[in-house]
Every structure is written in C-alpha cells, then in structure tokens.
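2 protein chains.
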Amino acid sequence: MGKDIHAIAIHGGAGTILRSKMTEEKERDYREALETALDAGYLVLDQGGTSLDAVEKAVNALENCPLFNAGKGSVFNAKGQHEMDASIMDGHTLHAGAVAAVRNFKNPITLAHKVLVHSDHVLLVGEGAMEFAKPFDLEIETDEYFHVDHRYAQWQKIKGSDSFQLDHAKEDKKYLGTVGAVALDKHGNLAAATSTGGMTNKKFGRIGDSPLIGLGNYANNKTCAVSCTGSGEYLMRGVTAYDISCLMEYKGLSLDEAAKESVMNRLLALGGDGGVIAIDVKGNISMPFNCEGMYRGMRNSGGKEISIY
Amino acid sequence: MGKDIHAIAIHGGAGTILRSKMTEEKERDYREALETALDAGYLVLDQGGTSLDAVEKAVNALENCPLFNAGKGSVFNAKGQHEMDASIMDGHTLHAGAVAAVRNFKNPITLAHKVLVHSDHVLLVGEGAMEFAKPFDLEIETDEYFHVDHRYAQWQKIKGSDSFQLDHAKEDKKYLGTVGAVALDKHGNLAAATSTGGMTNKKFGRIGDSPLIGLGNYANNKTCAVSCTGSGEYLMRGVTAYDISCLMEYKGLSLDEAAKESVMNRLLALGGDGGVIAIDVKGNISMPFNCEGMYRGMRNSGGKEISIY
Numbered sequence: 214m215g216k217d218i219h220a221i222a223i224h225g226g227a228g229t230i231l232r233s234k235m236t237e238e239k240e241r242d243y244r245e246a247l248e249t250a251l252d253a254g255y256l257v258l259d260q261g262g263t264s265l266d267a268v269e270k271a272v273n274a275l276e277n278c279p280l281f282n283a284g285k286g287s288v289f290n291a292k293g294q295h296e297m298d299a300s301i302m303d304g305h306t307l308h309a310g311a312v313a314a315v316r317n318f319k320n321p322i323t324l325a326h327k328v329l330v331h332s333d334h335v336l337l338v339g340e341g342a343m344e345f346a347k348p349f350d351l352e353i354e355t356d357e358y359f360h361v362d363h364r365y366a367q368w369q370k371i372k373g374s375d376s377f378q379l380d381h382a383k384e385d386k387k388y389l390g391t392v393g394a395v396a397l398d399k400h401g402n403l404a405a406a407t408s409t410g411g412m413t414n415k416k417f418g419r420i421g422d423s424p425l426i427g428l429g430n431y432a433n434n435k436t437c438a439v440s441c442t443g444s445g446e447y448l449m450r451g452v453t454a455y456d457i458s459c460l461m462e463y464k465g466l467s468l469d470e471a472a473k474e475s476v477m478n479r480l481l482a483l484g485g486d487g488g489v490i491a492i493d494v495k496g497n498i499s500m501p502f503n504c505e506g507m508y509r510g511m512r513n514s515g516g517k518e519i520s521i522y
Numbered sequence: 214m215g216k217d218i219h220a221i222a223i224h225g226g227a228g229t230i231l232r233s234k235m236t237e238e239k240e241r242d243y244r245e246a247l248e249t250a251l252d253a254g255y256l257v258l259d260q261g262g263t264s265l266d267a268v269e270k271a272v273n274a275l276e277n278c279p280l281f282n283a284g285k286g287s288v289f290n291a292k293g294q295h296e297m298d299a300s301i302m303d304g305h306t307l308h309a310g311a312v313a314a315v316r317n318f319k320n321p322i323t324l325a326h327k328v329l330v331h332s333d334h335v336l337l338v339g340e341g342a343m344e345f346a347k348p349f350d351l352e353i354e355t356d357e358y359f360h361v362d363h364r365y366a367q368w369q370k371i372k373g374s375d376s377f378q379l380d381h382a383k384e385d386k387k388y389l390g391t392v393g394a395v396a397l398d399k400h401g402n403l404a405a406a407t408s409t410g411g412m413t414n415k416k417f418g419r420i421g422d423s424p425l426i427g428l429g430n431y432a433n434n435k436t437c438a439v440s441c442t443g444s445g446e447y448l449m450r451g452v453t454a455y456d457i458s459c460l461m462e463y464k465g466l467s468l469d470e471a472a473k474e475s476v477m478n479r480l481l482a483l484g485g486d487g488g489v490i491a492i493d494v495k496g497n498i499s500m501p502f503n504c505e506g507m508y509r510g511m512r513n514s515g516g517k518e519i520s521i522y
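Top line first, the protein sequences correspond to chains A and B. Going by the working numbering, the first sequence wraps up at 522, each residue one higher than the last. Going by the working numbering, the second sequence wraps up at 522, each residue one higher than the last.
So here's chain A without its partners, still in its complex pose (with noise of 0.2 Å):
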C-alpha cells in the first residue's frame, strides 16, 4: 500500500470448466486474451488514467475477443440474432451507465460509458439505446461481424426448443459467460465494467445481472468495485455486487471476506453458480468464484498472475 498504487483485476466467464476438457493450445489461447485485456487496463492506470478508462479498455479487449460471451462472441439468442447488456460504475461519484439488449454495437461498454458521462439515466435499453447513441461515434458493427461458429453450432443445438443456455453449456459442462474489469486508479479512484452476450437461445427479452447496478456491477471508493458472472438469475434475487459493498461498510468485512461471504455462502444458499472479481481502496483483489473455474487475471506493480481453474 503506498501513493500512487494502482491495480487492475479482469474476469472472462466462470463455470464447469474442467481441466480434463481443455486442450494445451485453448488454454493457452484463453490466458494470452486474458493477459492482453489485463495489461491494455494496466497501461491506462500506469500512464496515470482514470480507472474508468481502464476498465473500459480491458473490457474492450474482451469484447473484441471471440472466445468470451460479450461484443464479437456473443451467444445467439432465439432469434438469431446477438443481444448485449453492459454496465460501468465510478466509485467516486456513484454516476453509473448501463445498456441492454443492444445490437451491433462493437463494444457495449463503451455506449455504456457514455450513458454514465452523457445522459441523465442509467440504464437504457433497445431501440432506444440505440437512438442515444446516434450522436456519438462509437464503431458499429455488421450481423457477420458478431457471427462466431462455435456459437452458431451451440444455438444450432437447441434453436426451437424452450431451452436456454449460459453460454456454451452443454450435458454436464456449463460456462456462465460474461466479461469484467474493477479497478483502482493512482488518484485513489474505483471503477467496475461488466459486458456480456446473455444466454444462448434466450428468448423474452431477458435480461440478466450485468447491466444492472448492484446487482452484477458495482462500485464505491467507500468500499470495494465488484464485477460478478454467473448464473444471472441468483446473482440478481443476491443482489451480489452491492452484497459485498454492504458485508465492508455495514459489517466491518475485509474485502476478501465479503466477497467469500456472498459468493460461497450467500450465493450458494440460494442455488447460484458463479464468481466476482473484487477490489478495494488498498488495491487489494479478491476473485473467489464457487464452481470449477473462472478465467480471470490480476495486475498490480508487484506484477501479473491469471488463471482459470
């Protein structure tokens, strides 16, 4: 702990992912994403940028990533077609800015961070969030763009009937997808981002924990930044992300305490798979996460770690 400490922590997703089923060349593909997604947040914190720039960045990197639910791999829903949601938060001021169900945008958290700078709102949804962004020049991309096979094939799967999945479930194995960033800037200052592509075969307009503050996404110097992923139905009845806020400020918890708390206990007692990333004004991090992995990293000046199991 000391001046100008600054630190990043990123998560792509958690879930039943085995080991077993993991080839040597997908693991490593997944942890060079990771690591680019990690340092492209780091750099903006260690040139001095805000931390809601940096995890915007991170997120950005993930989004641009076909390996991970969120911006250019998103699921298909039950249409066809690739629905978004995504939420950022500024510990410092408690502005937040969130999207869902947008299309065709490149990067959903980017349109959400300029809800939070732009508009009176928080969380616009749809056509509309569409018709507000028409001002600002944010990359717009085709129906191909966002058209990644081995989503196609795990739609393919079960289009047409009444299921749903979290990303690429499949018998056994689940992937709870999201993406997300939290960190702390050298001006002392929180932030968390949390991007995703929903459920595969999602019909109803459903829309999950990550665009909605508190729940999936939070933030607060007073206390901690959160980005959480898991089954978003039992993150949302948790209220997780503010959970972990209100175990610090209310019961006096340590950062990795409250995070352990909600998520291995609170959230399991409710039935809910899944895991947060979690830092604090002290630059600690904590990633706890109750099911078999988590793609996650962390950087801080003491160096970088990322992991999945």
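One thing to keep in mind: the hints can contain errors.
Stated by the list, open to error - Derived Cβ-Cβ restraints for the label pairs, each shown as a range:
#: 1; chain 1: B; residue 1: A366; chain 2: A; residue 2: T306; range: 50 to 60 Å
#: 2; chain 1: B; residue 1: E470; chain 2: A; residue 2: L351; range: 38 to 48 Å
#: 3; chain 1: A; residue 1: H400; chain 2: B; residue 2: R244; range: 47 to 57 Å
Read the hints as simulated data drawn from the structure, not as lab findings. For each residue, glycine too, the CB sits at the ideal point set by N, CA and C.
Knowing the structure of chain A, use the given hints to seat chain B on it.
Using the frame of chain A, we list chain B on its own:
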C-alpha cells in the same frame, strides 16, 4: 405482535405535493383511491391469503385508478405511448419477477407475478415480455384506455423538447410517480410490489428503479419488504431497497432506523428525492420520505391510516 399478525402498507408516489395547491375535492379523491387499494390488499391477508397476492391486489387497484402514474394513469413517453415497468418479490423464497417497457397490459404487476411463478428468469423487457405473456389470460387494454386527459396535457407541454418529467412535474412542483405495496401475511411471509408508468416524455428506452430487484423493490423474510418511489436514477445508484435490508441484517438497525438512514441520509446525500414504504416480520411499518409529500397508507388489525403530507 403475535400469531396471525398481518399488515399492509401502500404508496402512490412522492414529491413536491403542496397542501396549498391541493383542493379539498382532489385530496378526497386521492384518499378514497388509497383506501380502496389498502382495503383490497388487506382483505387478502385477513382471509389468510399470501402477502404476494395481497400486494398484487393492492397495486392492481392503484394501477386501475387514473390518479396514479401506473397502469391506467401512466404518463406519455416521447412517442406518445405508455410504457410500464413493474416488479414483485417473495420474501420467503427470494424469488422475483419483473417486466420493463411493456405496453397495453392493464396490470403490469400481474404480469410480473406471472414471471415470478412461471419463468426461470427475473426480468423480461418489451416485446419479449409480451410474447412470454401469451399463454396467460391477462387483461389487455387499448391505447385509448390509457389516454388520460391530464397526462396528455402534461406531455403536450414538453413534447418535442429534450425535457423529461417525473410524472406531472411542473414549475416547482414535482410528483415522482410510482405505486407500490408491502405486506406481511398470517404465515409470516413478506412481499413487495412496485409498478410505474415512468417519466413523461421519456426517451431512449430509459428504465428506472421500479422493475429492478434490490433497487426499487425488495423483500426478504430475514429483514423487510420495501417499495421505493422517487427520482429513479438516485434510487438505482443508492441500491436503496436492498440498502435498507443490509442496514438491518449487517448493522443491526431496526426497520425504522434503517429506512430513515437510507432515505433521509444516504439518498439525500446522492441528491435524490423520494421515499419508501417498508415492513418487517413483526408487522412494524416505516414510511419515510425526504420531500414534501408521499401518498401513503397502512392497515393492520389496529386500524388504518392514510396520509399525504
């Protein structure tokens, strides 16, 4: 306190409700409408029904009354349409159901209750929510049903501008319109329900706190049931409904202390106007608001109370 204790509280929105601008007739209309809703919910409880059914019935009555910004009395958005949001939560199971940006449903809270019971999801939006509703026999109304003259006049005043209003804000008069109910049933279970027509002239698919679990609505038998009303974006950033629950669970505050801390201190510190109704498993009720007035009422075996200022 004792066996078979049951109680209900309702609200019809909060804001700059000034006694000086209220006629006797108007005040009588509001009081009568509140009493009708209160009695409808209380009857369910008294007959041994569930708190979930009681809050639904109370909110139905408020939704069917043109005085409040929900259901029939919903305000006009920028397109001259009525887009409504609602959420309901079961304090016993922590199951929840919510809908946002739905049109033409006479009673959005009844649709939210269907989501709670019949869906694995928590939050459905727009067309998707309407598709989900198809198998259920829910009352659908024409656009004409939702055309209420004073709402139309409010919209005409700011139509085409960039302004938006929380219900019938005019000059210095702000009324932050939402309706809600919280209840404790004879089985010892809590429930909360909230329903709204949003903001006059709202654009960009804006969604406020009302349909969001933990933000505008929350219920948990361990702590309390809460329904919020006020400036939605501040209630979202404050995660107000769950904040009250956490102040009780983690800090050991009483229901009244927790509700007041959250509304009178924390929400105000963010700059937000509004109020909440809250109930705990002992049947204690707290209804703090940090603005001039809140349409509200409560009823238990000891009698009933209806208040505005």
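State, for the Cβ atoms of B/E470 and A/L351, whether the hinted interval 38 to 48 Å holds or is violated.
45 Å, holds
Is 50 to 60 Å right for how far apart the beta carbons of B/A366 and A/T306 are?
Given about 36 Å between the Cβ atoms, the range is violated.
Quick check: does the Cβ-Cβ distance between A/H400 and B/R244 fall within 47 to 57 Å?
With Cβ atoms ~52 Å apart, the hint holds.
The earlier numbered hint that this structure contradicts is number 1, and it is the only one.
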